[in-house]
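Chains as they are written, first to last, in the numbering used here: chain A, 1 to 137; chain B, 138 to 274; chain C, 275 to 679; chain D, 680 to 1084.
One or more of the hints may lead you astray.
[Said to hold, decoys possible] Away from chain B, derived, C-beta distances all over 10 Å, residues of chain D:
id : residue
1  : R687
2  : D688
3  : N698
4  : K892
5  : K941
6  : F980
7  : N1020
8  : P1022
9  : T1027
10 : L1028
11 : K1031
12 : G1054
13 : K1066
14 : M1082
15 : L1083
[Said to hold, decoys possible] 25 Å max Cα-Cα, derived SDA-like pairs, lysine to any residue:
id : chain 1 : residue 1 : chain 2 : residue 2
16 : B       : K187      : C       : N357
17 : A       : K33       : C       : I675
18 : A       : K128      : D       : K761
19 : D       : K1077     : D       : K749
20 : A       : K101      : D       : I1052
21 : D       : K790      : C       : T333
22 : D       : K696      : D       : G745
23 : C       : K385      : D       : G975
24 : A       : K39       : C       : Y627
25 : C       : K673      : A       : D45
26 : C       : K439      : C       : K465
27 : D       : K726      : C       : Y627
28 : D       : K818      : C       : N530
29 : A       : K111      : A       : E40
30 : A       : K24       : C       : L297
31 : C       : K613      : A       : D30
32 : A       : K24       : C       : K673
33 : D       : K922      : A       : F14
34 : D       : K790      : C       : K356
35 : C       : K321      : D       : G816
36 : D       : K749      : C       : Q290
37 : B       : K176      : D       : I1052
38 : A       : K24       : C       : T333
39 : D       : K941      : C       : Y539
40 : C       : K356      : B       : D236
If you're looking for bench data, these hints aren't it; they were derived computationally from the structure. All of these numbers come straight from a predicted model, not from anything done at the bench. Glycine is no exception: its CB is placed at the ideal position from the N, C-alpha and C atoms.
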Amino acid sequence: MTIEEIEKEIIEEFEMFGDDWEAKYEHLIDLGKSLPLIKEEFKTDDRIIKGCQSRVWLNSELKEGIVYFTADADAIITKGMVALMVRVLSEHTPKEIVDAKLNFVDTIGLKEHLSPTRANGLVSMINKMKADALSFS
Amino acid sequence: MTIEEIEKEIIEEFEMFGDDWEAKYEHLIDLGKSLPLIKEEFKTDDRIIKGCQSRVWLNSELKEGIVYFTADADAIITKGMVALMVRVLSEHTPKEIVDAKLNFVDTIGLKEHLSPTRANGLVSMINKMKADALSFS
Amino acid sequence: MKELKNIRDQFPILNQKINGYDLVYFDNGATSQKPLSVIESISDYYKQSNANIHRGVHTLSRTATGLFEKARKTLASHFNVKNDQQIIFTAGTTDSINLVVNGLSKNYLKKGDEIILSSYEHHSNILPWQLWAEENGGKLKVIPLLEDQSLDLSKLESLISSKTKLIAIAHVSNTLGVITDLEKVNSIARKNNIAVLVDGAQSAPHMAVDLTKLNVDFFVCSAHKMYGPTGIGLLYLSEKWLKDLPVSKPGGGTINTVTFEKTEYAENALRFEPGTPHIAGSVGFSAAIDFMNAVGIQTIFDHEHQLVQYAQQKMSEIPEVIIYGKSEHKAGVISFNIKNNHPFDVGTLLDKYGIAVRTGHHCTQPLMQCLNIQGTIRISFAIYNTKEEVDFFIEKLKKVITMLC
Amino acid sequence: MKELKNIRDQFPILNQKINGYDLVYFDNGATSQKPLSVIESISDYYKQSNANIHRGVHTLSRTATGLFEKARKTLASHFNVKNDQQIIFTAGTTDSINLVVNGLSKNYLKKGDEIILSSYEHHSNILPWQLWAEENGGKLKVIPLLEDQSLDLSKLESLISSKTKLIAIAHVSNTLGVITDLEKVNSIARKNNIAVLVDGAQSAPHMAVDLTKLNVDFFVCSAHKMYGPTGIGLLYLSEKWLKDLPVSKPGGGTINTVTFEKTEYAENALRFEPGTPHIAGSVGFSAAIDFMNAVGIQTIFDHEHQLVQYAQQKMSEIPEVIIYGKSEHKAGVISFNIKNNHPFDVGTLLDKYGIAVRTGHHCTQPLMQCLNIQGTIRISFAIYNTKEEVDFFIEKLKKVITMLC
Ligand SMILES: Cc1ncc(COP(=O)(O)O)c(C=O)c1O
Ligand SMILES: Cc1ncc(COP(=O)(O)O)c(C=O)c1O
Chain A
1 MTIEEIEKEI
11 IEEFEMFGDD
21 WEAKYEHLID
31 LGKSLPLIKE
41 EFKTDDRIIK
51 GCQSRVWLNS
61 ELKEGIVYFT
71 ADADAIITKG
81 MVALMVRVLS
91 EHTPKEIVDA
101 KLNFVDTIGL
111 KEHLSPTRAN
121 GLVSMINKMK
131 ADALSFS
Chain B
138 MTIEEIEKEI
148 IEEFEMFGDD
158 WEAKYEHLID
168 LGKSLPLIKE
178 EFKTDDRIIK
188 GCQSRVWLNS
198 ELKEGIVYFT
208 ADADAIITKG
218 MVALMVRVLS
228 EHTPKEIVDA
238 KLNFVDTIGL
248 KEHLSPTRAN
258 GLVSMINKMK
268 ADALSFS
Chain C
275 MKELKNIRDQ
285 FPILNQKING
295 YDLVYFDNGA
305 TSQKPLSVIE
315 SISDYYKQSN
325 ANIHRGVHTL
335 SRTATGLFEK
345 ARKTLASHFN
355 VKNDQQIIFT
365 AGTTDSINLV
375 VNGLSKNYLK
385 KGDEIILSSY
395 EHHSNILPWQ
405 LWAEENGGKL
415 KVIPLLEDQS
425 LDLSKLESLI
435 SSKTKLIAIA
445 HVSNTLGVIT
455 DLEKVNSIAR
465 KNNIAVLVDG
475 AQSAPHMAVD
485 LTKLNVDFFV
495 CSAHKMYGPT
505 GIGLLYLSEK
515 WLKDLPVSKP
525 GGGTINTVTF
535 EKTEYAENAL
545 RFEPGTPHIA
555 GSVGFSAAID
565 FMNAVGIQTI
575 FDHEHQLVQY
585 AQQKMSEIPE
595 VIIYGKSEHK
605 AGVISFNIKN
615 NHPFDVGTLL
625 DKYGIAVRTG
635 HHCTQPLMQC
645 LNIQGTIRIS
655 FAIYNTKEEV
665 DFFIEKLKKV
675 ITMLC
Chain D
680 MKELKNIRDQ
690 FPILNQKING
700 YDLVYFDNGA
710 TSQKPLSVIE
720 SISDYYKQSN
730 ANIHRGVHTL
740 SRTATGLFEK
750 ARKTLASHFN
760 VKNDQQIIFT
770 AGTTDSINLV
780 VNGLSKNYLK
790 KGDEIILSSY
800 EHHSNILPWQ
810 LWAEENGGKL
820 KVIPLLEDQS
830 LDLSKLESLI
840 SSKTKLIAIA
850 HVSNTLGVIT
860 DLEKVNSIAR
870 KNNIAVLVDG
880 AQSAPHMAVD
890 LTKLNVDFFV
900 CSAHKMYGPT
910 GIGLLYLSEK
920 WLKDLPVSKP
930 GGGTINTVTF
940 EKTEYAENAL
950 RFEPGTPHIA
960 GSVGFSAAID
970 FMNAVGIQTI
980 FDHEHQLVQY
990 AQQKMSEIPE
1000 VIIYGKSEHK
1010 AGVISFNIKN
1020 NHPFDVGTLL
1030 DKYGIAVRTG
1040 HHCTQPLMQC
1050 LNIQGTIRIS
1060 FAIYNTKEEV
1070 DFFIEKLKKV
1080 ITMLC
């Protein structure tokens, strides 16, 4: 699937909840609760992306021209967002990742989590994902 | 004359000008222009009372229980006010000086010159006159 | 006391919806909201009286100078300080502390000297001392916590050595709400001839502070936590330090005379207020003090105390809640966590219900290290908060816990 | 340009009587008046968006943080600075200069080093350097004046030695209005590898300043002289100094991590903004910049320049008037005296006619010593001043001269 297709899939998934933000957040929390997305051995300090409050760990690997992300976060909502980002961006080419607009965050009504004034590490994570992709290209 | 009698005399003198503040200030300037009120030898740095802008020199002497003030200022309006103060307070007993209310300044419409936020040395001068009188008593 | 309804009406910001819910503002420890009287005092200042102060011969400048100096008097009388020149206007608590540290490091603090802090100090009352210590071979010592997260003052004397020069201590912990027994701290300090700086950022908004009675060397606080504007705070100096504290931040207005070779500084508060001060801020600060006194400081304290008792009672009935700072002696702050959850998640979800709380380390990372946690959720009250808001908060907190757990 | 009448309407304070006369506000060099847009941006902030910034998870805190960071961007773009982190909010010009001096004195400035100032520096750009020099065995050197009271820059190179570390210089003299040839100063400094601090307190209000083009190390100014609020100012750091300037004023918000033993400071502008910033001030500062740009900086400069030319012409026709700073290259300021009269008297009487001027040394005592005078009377213009006001001033000045002489 292309990045846009995955985004579309996520949008449809969230559309089911309509305006019920509580249900949306419950879903996000469930996503966050799914197994750790990163190997314990990768949860090292040099892989931490510091947000003001919640910490995010990111590992990026290139295999045969395709980037693989694994990640984790210590706050569960951030982790849910991280899970979405990994789902969207992982297993694509560097160029696809760098070009991704990630409009879905806006559409599913979680835009606030991408605001640079938000006290989490998510914005930095996306920047890091793109930077890593760029460095592979 | 008592302090109050001199004050009354000054009030009458200024009443002649009615609401004409220009005339009042011209009179004040004339008072200021009258000969220096202090002997040149007394215009020493230790006799300076520092205001923010205009400087006032004050000399206080006690002779037979009576306080004699002489003073000068480098700004002419301040000097006019100084002349009035000396005229009112000089040649009285320490107690009379300390007790003086100096309401005349208010009545003749020059009250602003006695405001502590005024950038001249007049308030400090009156404080010094009273302090000197107190030290003599 | 004015009726609470009436008081809330004076805070226009409270009358708004966040995510469709009425705003519940429980982040007063970070900054309080401002009553109309404060907001209008600032606009009025700019619309009617604005001018630069000191040395001005013109009418507006005299008016502005008068307002600024009246604000100083208002603060002096509020804190029961006899000589209003002991009240210095600064940019806030942090600025005040830095001014003291920089001044003291000129003569008073020497290489090898020691400063005592408490375990619950705010970064603003740690970092300036730490920087001094690093650069000058000084040392910081820390008063430990008791089981109930109040200070173990029985350890204070054993921390004191012949090198101890100052105790810098919060009057009220911003994270825990715990009130420091300053009388005890101060009597130990006096006995050992040690200076005391009190960080009153979290006490001045909530309780009566009598600086003559307190009799410490330095007291600092911020207007913005006291219903006043941003950008202005206070530094109180004892009579001794008003004379003895060296100028460390000079500039226009601080002087009697200047040549390129040599400067003679002014004798009074002005020597510590370089440049054009925050005149509008002083006017707003003064209006805030008037507001607090119109309501009554004791009324504010009692009201907040009741809210804390009530909320703490309700919260302790929720099994997942861990409350920090269980001391009875505390001001309007509750810090807590939800077992096995990150404070950030709780804060994010509460915000969805329009409830503004603070989460994280609250600029007290060393305290977090003592408690061995990453952060807490903090609710903190002001006079305009209500029992109904606490009820709503409790209801939604329970909901959030079901969502997260 | 908006019509001038229209502009005056935006300044409510101008619409008042002083001693029965219309206020003529010619004290803009001390502080400017504020347009409604600035006043209301501050009230609106307090009525709608007030919260403490950074790290906040709740909506209000995000809004307030957004406003504060937007203000930083507005300033960066106004001064043509690419990285907005190079814009530091301070309490004002004086505060900015002290922050630079304290930071530089940690590593950059060494015992025996020399600083070059100009003859017309404001006390705020003398005293912090002087204090550093006194305490650290440093030395201040002074660029002399020419006959026309502009700087004798031909002497600059001869003042430079291998010990010279910095030139601290006003962009525009607050007393004389003379504009410094910064291009020349800066090219000499670059050639000799010397840092340059520009005191822009009197240029930023009156003319376009392109900091990328100027290419100096430090630039400082105050909002209150630029139609903005009190209590806030700016410190611009070059890319190099944003990295290299040591933190000298630490506190809450400046850090990444803190323990009692060691602190790791933040990398960006935050490291220089300890404690709760003047958030309302940043919002007002930003609104003031928007106001200036809506009118047009060039329009402001031209308008004030015309007023200066006009007033100077009229004043030079009065035989008792002595004007200082006759350089052609000047911003909206005229300093003068009446022969054999004290400036204080002239100012006092002008105030009686509702004309607000500044008198005295204007915080430039060393310049007064150079000119061998006690003080001057200074009139200084802003966009809202008019030719009619100048006419009224000239008429009353003549009247005052007859009263005094
Ligand atoms: C040239 C110059 N530098 C510095 C200052 C000090 O500015 P502030 O009082 O806003 O700190 C002023 C203002 O009077 C000034 O004109
Ligand atoms: C106890 C304590 N000290 C110091 C500060 C710093 O105050 P400000 O940010 O106003 O400088 C705060 C505010 O967060 C505080 O709570």
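Right, here's what the structure says about each hint:
Against the 10 Å criterion, R687 (chain D) stays outside the reach of chain B, whose nearest CB is about 27 Å from its own CB. Every CB of chain B is more than 10 Å from the CB of D688 (chain D) (nearest about 30 Å), matching its label as outside the interface. The beta carbon of N698 (chain D) sits about 8 Å from the closest Cβ of chain B, which is not more than 10 Å, so the claim that it is off the interface is violated. With a closest Cβ-Cβ approach of about 40 Å to chain B, K892 (chain D) is found to remain outside the 10 Å limit, as its non-interface label requires.
Every beta carbon of chain B lies more than 10 Å from that of K941 (chain D), the smallest distance being close to 47 Å; the non-interface claim holds. Consistency note on F980 (chain D): stated as away from chain B, and its beta-carbon is indeed over 10 Å from all of that chain's, at 31 Å minimum. Non-interface call for N1020 (chain D) relative to chain B: violated, since the shortest CB-CB distance, roughly 7 Å, does not exceed 10 Å. Not every beta carbon of chain B lies more than 10 Å from that of P1022 (chain D), the smallest distance being close to 8 Å; the non-interface claim is violated.
Annotated as non-interface, T1027 (chain D) brings its C-beta within 10 Å of a C-beta of chain B; the closest such distance is 5 Å. Its beta-carbon lying about 7 Å from the closest one in chain B, L1028 (chain D) breaks the requirement of being farther than 10 Å from that chain. Here K1031 (chain D) does not stay apart from chain B, with its beta-carbon only about 6 Å from theirs, under the 10 Å limit. The beta carbon of G1054 (chain D) is not kept farther than 10 Å from every beta carbon of chain B, the shortest such distance being approximately 7 Å.
Here K1066 (chain D) stays apart from chain B, with its beta-carbon at least about 25 Å from theirs, past the 10 Å limit. At roughly 6 Å, the least C-beta separation between M1082 (chain D) and chain B is not larger than 10 Å, which violates its mark as non-interface. A cut-off of 10 Å between C-beta atoms contradicts the statement that L1083 (chain D) is not in contact with chain B; the least separation is 6 Å. Between K187 (chain B) and N357 (chain C) the alpha-carbon distance is near 21 Å, which keeps this suggested pair within the 25 Å criterion.
Restraint check for K33 (chain A) and I675 (chain C): satisfied, since their Cα atoms lie roughly 15 Å apart, inside the 25 Å limit. Using a Cα cut-off of 25 Å, the hinted pair K128 (chain A) and K761 (chain D) holds, with the two alpha carbons roughly 22 Å apart. Note on K1077 (chain D) and K749 (chain D): the hinted pairing is violated, with a Cα-Cα distance of about 49 Å set against a maximum of 25 Å. Taking the CA atoms of K101 (chain A) and I1052 (chain D), the gap is about 67 Å. The hint is violated against a cut of 25 Å.
Between the alpha carbons of K790 (chain D) and T333 (chain C) the distance comes to roughly 47 Å, so the proposed pair goes past 25 Å and is violated. The straight-line distance between the Cα atoms of K696 (chain D) and G745 (chain D) is roughly 40 Å, outside the 25 Å bound, and the hint therefore fails. With a CA separation close to 55 Å, the supplied pair K385 (chain C) and G975 (chain D) exceeds the 25 Å bound. This hinted pair does not check out: K39 (chain A) and Y627 (chain C) have alpha carbons roughly 35 Å apart, beyond 25 Å.
For the proposed pair K673 (chain C) and D45 (chain A), the alpha carbon gap of about 34 Å is over 25 Å, so the pair is violated. For the given pair, K439 (chain C) sits about 12 Å from K465 (chain C) by alpha-carbon distance, which is consistent with the 25 Å threshold. For the hint linking K726 (chain D) to Y627 (chain C), the alpha-carbon distance of about 21 Å falls within 25 Å, and the restraint holds. A threshold of 25 Å between alpha carbons decides the hint, and for K818 (chain D) with N530 (chain C) the separation of about 22 Å falls inside it, so the pair holds.
Taken as a hint, the K111 (chain A) and E40 (chain A) pair is broken in the structure, with Cα atoms around 29 Å apart against an allowance of 25 Å. Of the supplied pair hints, the one linking K24 (chain A) and L297 (chain C) holds, its CA atoms being roughly 22 Å apart against a limit of 25 Å. Restraint check for K613 (chain C) and D30 (chain A): the C-alpha separation of about 18 Å stays at or below 25 Å, so the hint holds. A threshold of 25 Å between alpha carbons decides the hint, and for K24 (chain A) with K673 (chain C) the separation of about 14 Å falls inside it, so the pair holds.
A hinted pair counts as satisfied when its Cα atoms are at most 25 Å apart, and K922 (chain D) with F14 (chain A) does not qualify at roughly 44 Å. Simply put, K790 (chain D) and K356 (chain C) have alpha-carbon atoms about 42 Å apart, too far for the 25 Å limit, and the pair is violated. Distance hint between K321 (chain C) and G816 (chain D) is unfulfilled; the C-alpha atoms sit about 47 Å from each other, more than 25 Å. Our distance criterion of 25 Å between C-alpha atoms is met by K749 (chain D) and Q290 (chain C), whose separation comes to about 23 Å.
Between K176 (chain B) and I1052 (chain D) the alpha-carbon distance is near 24 Å, which keeps this suggested pair within the 25 Å criterion. At most 25 Å may separate the alpha-carbon atoms for a hinted pair to count; K24 (chain A) and T333 (chain C) exceed this at roughly 62 Å. As the CA atoms of K941 (chain D) and Y539 (chain C) are separated by approximately 36 Å, the hinted pair breaks the 25 Å bound. Between K356 (chain C) and D236 (chain B) the alpha-carbon distance is near 24 Å, which keeps this suggested pair within the 25 Å criterion.
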